[in-house]
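**Student:** The primary structure of each chain is shown beneath.
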Amino acid sequence: MATSAAASAPPPGRTRALLQNLRNGDEVARLITLVFASSILLVTFGLIYQLWITSALPRHKFGFGFLTSSMWNPVSGQFGALPFIYGTVVTSVVALLIAVPLGVGAAIFLSELAPPRVSSTFTFFIELLAAVPSVIYGLLAIFTLVPLMRDYVEPALKKPLGFLPVFSGPVFGFGYLTAGVILAIMTLPFIISISREALLEVPTEQREAALALGATRWESTWQAVVPYARLGIFGSIFLGLARALGETMAVTMVIGNDPSIHASLFAPGYTIAAVIANEFSEATGDLYLQSLVGLGLVLFLLTIVINAMARLLIIATTRRGSAHP
Amino acid sequence: MKKSSPWLGIMSGLAILLTVAQAKVLINAAGATFPYPIYGKWFEEFAKVDPDAQINYSSIGSGGGIRQFSEGTVDFGASDMPMTDEQLGKFKNKPLHFPTVLGGIVPTYNLPGVTQELKFTPEALAGIYLGKIKKWNDPELTKANAGVKLPDNEIVVVHRSEGSGTTFVFTDYLSKVSPEWKSKVGVNASVSWPAGLGGKGNEGVAGVVKQTPNSIGYVELIYVLQNKMAYGSLRNAAGVFLKADLDSVTEAAASAAKTMPADFRVSITNAPGKKAYPISTFTYLLIPSKIDDPAKKKAIVAFVRWMLADGQKYAAGLAYAPLPNEVVAKEVKQIALIQ
Amino acid sequence: MTLRNRWRKTLSYAMLSLTGVCAAVAVAILFVLLGYLVYNGWRSVDWDFFTKLPKSPGETGGGMANAIVGSFQIIALATVIGLPVGFMAGIYLAEFGGKAFAFLVRYMADLLNGVPSIVIGIFAYAVVVVPMHVNSALAGGLALAVMLIPITARSTEQFMNSVPQTLREGALALGASKWKTIATVVVPAAYRGIATGMILGVARIAGETAPLLFTSGNNAYMSSGFTQPTASLPVMIFLRATAPYEDWHRQAWAAGMVLLLLVLLANVAARLILSRGIAVQK
Numbered sequence: 001m002a003t004s005a006a007a008s009a010p011p012p013g014r015t016r017a018l019l020q021n022l023r024n025g026d027e028v029a030r031l032i033t034l035v036f037a038s039s040i041l042l043v044t045f046g047l048i049y050q051l052w053i054t055s056a057l058p059r060h061k062f063g064f065g066f067l068t069s070s071m072w073n074p075v076s077g078q079f080g081a082l083p084f085i086y087g088t089v090v091t092s093v094v095a096l097l098i099a100v101p102l103g104v105g106a107a108i109f110l111s112e113l114a115p116p117r118v119s120s121t122f123t124f125f126i127e128l129l130a131a132v133p134s135v136i137y138g139l140l141a142i143f144t145l146v147p148l149m150r151d152y153v154e155p156a157l158k159k160p161l162g163f164l165p166v167f168s169g170p171v172f173g174f175g176y177l178t179a180g181v182i183l184a185i186m187t188l189p190f191i192i193s194i195s196r197e198a199l200l201e202v203p204t205e206q207r208e209a210a211l212a213l214g215a216t217r218w219e220s221t222w223q224a225v226v227p228y229a230r231l232g233i234f235g236s237i238f239l240g241l242a243r244a245l246g247e248t249m250a251v252t253m254v255i256g257n258d259p260s261i262h263a264s265l266f267a268p269g270y271t272i273a274a275v276i277a278n279e280f281s282e283a284t285g286d287l288y289l290q291s292l293v294g295l296g297l298v299l300f301l302l303t304i305v306i307n308a309m310a311r312l313l314i315i316a317t318t319r320r321g322s323a324h325p
Numbered sequence: 326m327k328k329s330s331p332w333l334g335i336m337s338g339l340a341i342l343l344t345v346a347q348a349k350v351l352i353n354a355a356g357a358t359f360p361y362p363i364y365g366k367w368f369e370e371f372a373k374v375d376p377d378a379q380i381n382y383s384s385i386g387s388g389g390g391i392r393q394f395s396e397g398t399v400d401f402g403a404s405d406m407p408m409t410d411e412q413l414g415k416f417k418n419k420p421l422h423f424p425t426v427l428g429g430i431v432p433t434y435n436l437p438g439v440t441q442e443l444k445f446t447p448e449a450l451a452g453i454y455l456g457k458i459k460k461w462n463d464p465e466l467t468k469a470n471a472g473v474k475l476p477d478n479e480i481v482v483v484h485r486s487e488g489s490g491t492t493f494v495f496t497d498y499l500s501k502v503s504p505e506w507k508s509k510v511g512v513n514a515s516v517s518w519p520a521g522l523g524g525k526g527n528e529g530v531a532g533v534v535k536q537t538p539n540s541i542g543y544v545e546l547i548y549v550l551q552n553k554m555a556y557g558s559l560r561n562a563a564g565v566f567l568k569a570d571l572d573s574v575t576e577a578a579a580s581a582a583k584t585m586p587a588d589f590r591v592s593i594t595n596a597p598g599k600k601a602y603p604i605s606t607f608t609y610l611l612i613p614s615k616i617d618d619p620a621k622k623k624a625i626v627a628f629v630r631w632m633l634a635d636g637q638k639y640a641a642g643l644a645y646a647p648l649p650n651e652v653v654a655k656e657v658k659q660i661a662l663i664q
Numbered sequence: 665m666t667l668r669n670r671w672r673k674t675l676s677y678a679m680l681s682l683t684g685v686c687a688a689v690a691v692a693i694l695f696v697l698l699g700y701l702v703y704n705g706w707r708s709v710d711w712d713f714f715t716k717l718p719k720s721p722g723e724t725g726g727g728m729a730n731a732i733v734g735s736f737q738i739i740a741l742a743t744v745i746g747l748p749v750g751f752m753a754g755i756y757l758a759e760f761g762g763k764a765f766a767f768l769v770r771y772m773a774d775l776l777n778g779v780p781s782i783v784i785g786i787f788a789y790a791v792v793v794v795p796m797h798v799n800s801a802l803a804g805g806l807a808l809a810v811m812l813i814p815i816t817a818r819s820t821e822q823f824m825n826s827v828p829q830t831l832r833e834g835a836l837a838l839g840a841s842k843w844k845t846i847a848t849v850v851v852p853a854a855y856r857g858i859a860t861g862m863i864l865g866v867a868r869i870a871g872e873t874a875p876l877l878f879t880s881g882n883n884a885y886m887s888s889g890f891t892q893p894t895a896s897l898p899v900m901i902f903l904r905a906t907a908p909y910e911d912w913h914r915q916a917w918a919a920g921m922v923l924l925l926l927v928l929l930a931n932v933a934a935r936l937i938l939s940r941g942i943a944v945q946k
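Chains as they are written, first to last, in this note's numbering: chain A, 1 to 325; chain B, 326 to 664; chain C, 665 to 946.
Looking at chain A on its own, in the form it has when it is part of the complex (with noise of 0.2 Å):
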């Protein structure tokens, strides 16, 4: 607006043209909402500087050490980060190898087999199975998955394979185990929604070419179907991977709270999550407090190496797929 010819002095043209533009109702209303989207940016980055400055002692006292340790001991001040990065671990693992399967599977079901009115009411069960509190997953696993897996389920494996270290030891109820079969339940909803919408997004030609090649329906899902929306099957993995290594609450309530690496899934263990919950507010001194804190730190790193991959491979299969919004 302001335009003068004589371009000398810079500063003060651009400022009165952004003054000019403030009595713009479009300007203010710029600014006003870039503010609002920079306390995003604001409050990430104090998370990340706020961890990292709180995790400061341990970092100098124990080094790269800190992670590699399997000692915890308040004690002796010597605080590991490794029993709790295998715990967190191996209850992902052995979620994602219970709902992996169950999941591809339901939602293969629901997006080539089931008629439309049965996989949208499905659909939307299963979503709520999302919506359900972590607190509420411990609270009723606390009461019923413990005892069955106490009683029926670990000991049932226990019998034929016990001779492997996986499933040998004492019986507990509360362990690796059930945390990873709580963990699953709470992950299948996530893996079921995305998975049948890319499977859903696959077009109906590689079906039917299958098909008129003289494929079984089976074969044409597994073979032409499947690998097409792998990407955003994969990218379903990782969310629920990602959803799983932060899970507290349930983990917590059955995990058994013990900070060493045992090799059988039926021994009791920690994870980061459930170490920060159960110890945060107890910790005495500040070494102890702060090397939660850098569990904290590591676990956050962890997730978004895990949710940054998901993104990416959902964001490549919607690409691919379908034009509409």
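No lab work stands behind these hints, which were simulated from the structure alone.
Just so it is clear, the structure is predicted and the values come from calculations on it, not from any experiment.
Do not rely on the hints blindly, as some may be mistaken.
[Unchecked claim] 27 Å max Cα-Cα, derived DSSO-like pairs, lysine-lysine: (1) C/Lys844 with B/Lys621; (2) B/Lys622 with C/Lys719; (3) B/Lys623 with C/Lys719; (4) A/Lys158 with B/Lys553; (5) A/Lys159 with B/Lys457; (6) B/Lys535 with C/Lys719; (7) B/Lys509 with A/Lys61; (8) B/Lys638 with B/Lys655; (9) C/Lys719 with B/Lys553; (10) C/Lys673 with B/Lys638; (11) A/Lys158 with B/Lys474; (12) C/Lys719 with B/Lys373; (13) A/Lys158 with B/Lys623; (14) B/Lys459 with A/Lys159; (15) A/Lys158 with B/Lys460; (16) A/Lys61 with B/Lys415; (17) B/Lys621 with C/Lys719; (18) B/Lys349 with C/Lys716; (19) B/Lys373 with C/Lys716; (20) A/Lys158 with B/Lys459; (21) A/Lys159 with B/Lys460; (22) B/Lys535 with A/Lys159; (23) A/Lys159 with B/Lys474; (24) C/Lys719 with B/Lys349; (25) B/Lys599 with B/Lys468.
Given chain A, put chains B and C in place with the hints provided.
**Tutor:** Below, chains B and C alone, put in the same frame as chain A:
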């Protein structure tokens, strides 16, 4: 004039509301789970005596109590273990320890099919928690329990998962009776347990033991009584097998009561005396020696006074032993030190 | 038909039936969980639950009136902070965003969305509890607000983007300024989706426990303000479920049922609003 009157009414109404709201003093406290049942009862009863004081107690464990008290997130703390010199050094004005009651830590177990009471030797308890005694029918256990058919099942060991005064007292006892425990594990609020499941708080350990067959845990007496759980007798320093009860716990404090140091920090585990229960302990309130807020100071002092007088009457009903008279007298004098 | 073909056909039939079983199992899990919870909760909930304060350990009776009010306080605070910020940020991303900055904001919002709630609790602890030296509803509300903001922002952006460009162009052609277009044309067109996103977001944070454990803590009494420890339903469920007292378990079931029903109701309502909106638009 006409327009200002409704405003005046609103403002004065708000002012009255605010002052009424301020009249209730909220005092935050946190700490040991060991005395939670009686503290809960006390705060409830004290609220009837002084309705304006609300004492909100968070049962998070002695470790948490000491930490939050040191950070100033609560107005007073509670712990079964006395604070160490190092922890006390962090305060500008050294806080005061006020013992409240005596309690006993019992070995509780869940053995379906075993109806008789079990006897535990110190070696058995240490061996179980060291992970050396793995089965219920281990000779160390069977020899003390002749006539009881102990099953050939693995022992599920349950301990505390967080910083606990109960753990401190329990490990203090184990260190006194087992040199191996002393060198391998030691005494502290939170130790590196050789084996077992972790429960959160006395409540958590009792909860896990109650639900898990073949398990054993260490909890304060009232928790097993309130939940009708089985608990064993322990052999004391004089060689007698005793269960924890009012008399045996009181007896454990008898000798300590006479030689009580000024700051009340003692350990009474494995006390001498034929009738003394070996894992007994005082539990403490950690009160600041300088309280700035006058309303809070008034309420806290009033509570401590009440606790030493009327409060002690509730102890027996909840299976805690009341304080010996000599100790009470010394504590009443200590109240004067709160400024 | 050859043997091989018969095998292929049988395999096809078997595998496809198996997928049906998978789907049935998934749905069955929901009903079993819900059923068990409602069964236990129904037997345990009574008028006292909603009106009385909790009792000391070992005593029966009492209720969770303070937790219900406390949850309401914390969620209200989180909503008041989180929804407007998220909504405005979403509008920025949809309407005003440039290339680089909007990409960064979007990326960070998704990042924040994926952060485990307990880590957000650590953040709120460091930022609010430590300086204030007390557990408070403020800290808890802030932690939940931090979770609500990115959810709201992304869902608002998504539904704003789904409004056809033609509506915007029409308004602009009639002489409306950009912000007027947004306020009077685009947002109303997308309001169903935006509202749905908000309801779902609030329902999600309503059930969160981990960030509240060491921010708002717990309180045996009604909270006397936002700067004091405050009881909340999820935290109470956790504390009661892990204790040995039968009466406390009873209370945990009741609280669990109440919480779950509220969360599910919000979810179902949100989805109905959205589906009705889509039907109308079509």
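**Student:** All hints are to be evaluated individually against the structure, with a verdict given for each.
**Tutor:** Do the hints match the structure? See the list:
no.: 1; hint: C/Lys844 with B/Lys621; result: 55 Å, violated
no.: 2; hint: B/Lys622 with C/Lys719; result: 25 Å, holds
no.: 3; hint: B/Lys623 with C/Lys719; result: 25 Å, holds
no.: 4; hint: A/Lys158 with B/Lys553; result: 32 Å, violated
no.: 5; hint: A/Lys159 with B/Lys457; result: 25 Å, holds
no.: 6; hint: B/Lys535 with C/Lys719; result: 21 Å, holds
no.: 7; hint: B/Lys509 with A/Lys61; result: 24 Å, holds
no.: 8; hint: B/Lys638 with B/Lys655; result: 18 Å, holds
no.: 9; hint: C/Lys719 with B/Lys553; result: 19 Å, holds
no.: 10; hint: C/Lys673 with B/Lys638; result: 81 Å, violated
no.: 11; hint: A/Lys158 with B/Lys474; result: 25 Å, holds
no.: 12; hint: C/Lys719 with B/Lys373; result: 14 Å, holds
no.: 13; hint: A/Lys158 with B/Lys623; result: 62 Å, violated
no.: 14; hint: B/Lys459 with A/Lys159; result: 20 Å, holds
no.: 15; hint: A/Lys158 with B/Lys460; result: 18 Å, holds
no.: 16; hint: A/Lys61 with B/Lys415; result: 22 Å, holds
no.: 17; hint: B/Lys621 with C/Lys719; result: 23 Å, holds
no.: 18; hint: B/Lys349 with C/Lys716; result: 19 Å, holds
no.: 19; hint: B/Lys373 with C/Lys716; result: 16 Å, holds
no.: 20; hint: A/Lys158 with B/Lys459; result: 18 Å, holds
no.: 21; hint: A/Lys159 with B/Lys460; result: 19 Å, holds
no.: 22; hint: B/Lys535 with A/Lys159; result: 26 Å, holds
no.: 23; hint: A/Lys159 with B/Lys474; result: 25 Å, holds
no.: 24; hint: C/Lys719 with B/Lys349; result: 20 Å, holds
no.: 25; hint: B/Lys599 with B/Lys468; result: 22 Å, holds
Violated hints for the displayed structure, listed by number in ascending order: 1, 4, 10 and 13.
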